[in-house]
Amino acid sequence: MTLWLTRIVPSPSSRDARRDLGGADEGIRLHRRVLQMFPDGVEGPARAAFGVLFRAEETPRGPQILLQSRTEPDPSRLPAAYGSVETRSLDALLSHLCKGMVVNYRCVANPVRKPGEASRKAYGLPPVVALSGNAAVEWWERQARAGGLEPLHVDADPLTAVRGNQGPQGPAAKRVIQQARVRFDGAARVLDAELLRERLASGIGRGKAYGCGLLTLAPAR
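Residue numbers (the working numbering): 31 to 251.
Because the hints were derived from the structure by calculation, they are not lab data. All residues carry an ideal CB built from backbone N, CA and C; glycine is no exception. Do not rely on the hints blindly, as some may be mistaken.
With beta-carbon atoms standing in for the labels, derived distance ranges [unchecked claim]:
no.	residue 1	residue 2	range
1	Ala191	Arg62	15 to 25 Å
2	Gly130	Val159	15 to 25 Å
3	Glu87	Gly130	26 to 36 Å
4	Ser41	Ser162	27 to 37 Å
5	Gly130	Asn195	38 to 48 Å
6	Pro42	Ala78	14 to 24 Å
7	Arg100	Ala191	21 to 31 Å
8	Lys151	Arg45	23 to 33 Å
9	Pro42	Glu171	33 to 43 Å
10	Ser162	Gln66	29 to 39 Å
11	Gly146	Gly92	41 to 51 Å
12	Ser119	Gly163	36 to 46 Å
13	Glu171	Gly71	34 to 44 Å
14	Glu168	Gly92	30 to 40 Å
Start from the sequences and build out the full structure, keeping to the hints where you can.
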């Protein structure tokens, strides 16, 4: 299994990039943008077909978009002068993972729980409840262990939720997307390297189409 990690540094002079990175619907706009970098005409959802996971984040040098995929993306399909694009294989990192190894991690995720029918009726809860604070941290610790990682340290920072219409026109324009987001950073020990490789490829939790679920790792120094 080969995974590709692409770093896009948007150009401040690009109107398209500024539009993609602005507002609460950023994740929805970026979903459409990053999928432009892959071939058309696939069967089923393109995000799943190409294993696409992404997130936008601020760095000391400005914003960047990280894109992970099972197919190498084609930067020529982006608008002209959108920004700089660098792609590298994650084969070396994946092959280096082993049980007991300590890594630093980052993941922007959509921590939620699904209350049972009795709880929903008793407390008037929606089918899916966004988690925050200690509940979000506990959710992350469960997800990490299920993915082959033992969290040693967790920082959880709430981010602005993704909100907006799923599409610009047609039925999608009437469907409203709302995804709560929390950024988890910290250190963890590898419990199961093969399971971790599978989770890296599939992503963590819900909201993967809108900038959640991408888990990135680096060996701890």
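Verification of the hints:
no.	hint	verdict
1	Ala191 <-> Arg62: 15 to 25 Å	19 Å, holds
2	Gly130 <-> Val159: 15 to 25 Å	36 Å, violated
3	Glu87 <-> Gly130: 26 to 36 Å	29 Å, holds
4	Ser41 <-> Ser162: 27 to 37 Å	35 Å, holds
5	Gly130 <-> Asn195: 38 to 48 Å	47 Å, holds
6	Pro42 <-> Ala78: 14 to 24 Å	33 Å, violated
7	Arg100 <-> Ala191: 21 to 31 Å	28 Å, holds
8	Lys151 <-> Arg45: 23 to 33 Å	49 Å, violated
9	Pro42 <-> Glu171: 33 to 43 Å	38 Å, holds
10	Ser162 <-> Gln66: 29 to 39 Å	33 Å, holds
11	Gly146 <-> Gly92: 41 to 51 Å	45 Å, holds
12	Ser119 <-> Gly163: 36 to 46 Å	38 Å, holds
13	Glu171 <-> Gly71: 34 to 44 Å	41 Å, holds
14	Glu168 <-> Gly92: 30 to 40 Å	34 Å, holds
Consistency with the previously given hints fails for numbers 2, 6, 8, ordered from lowest to highest.
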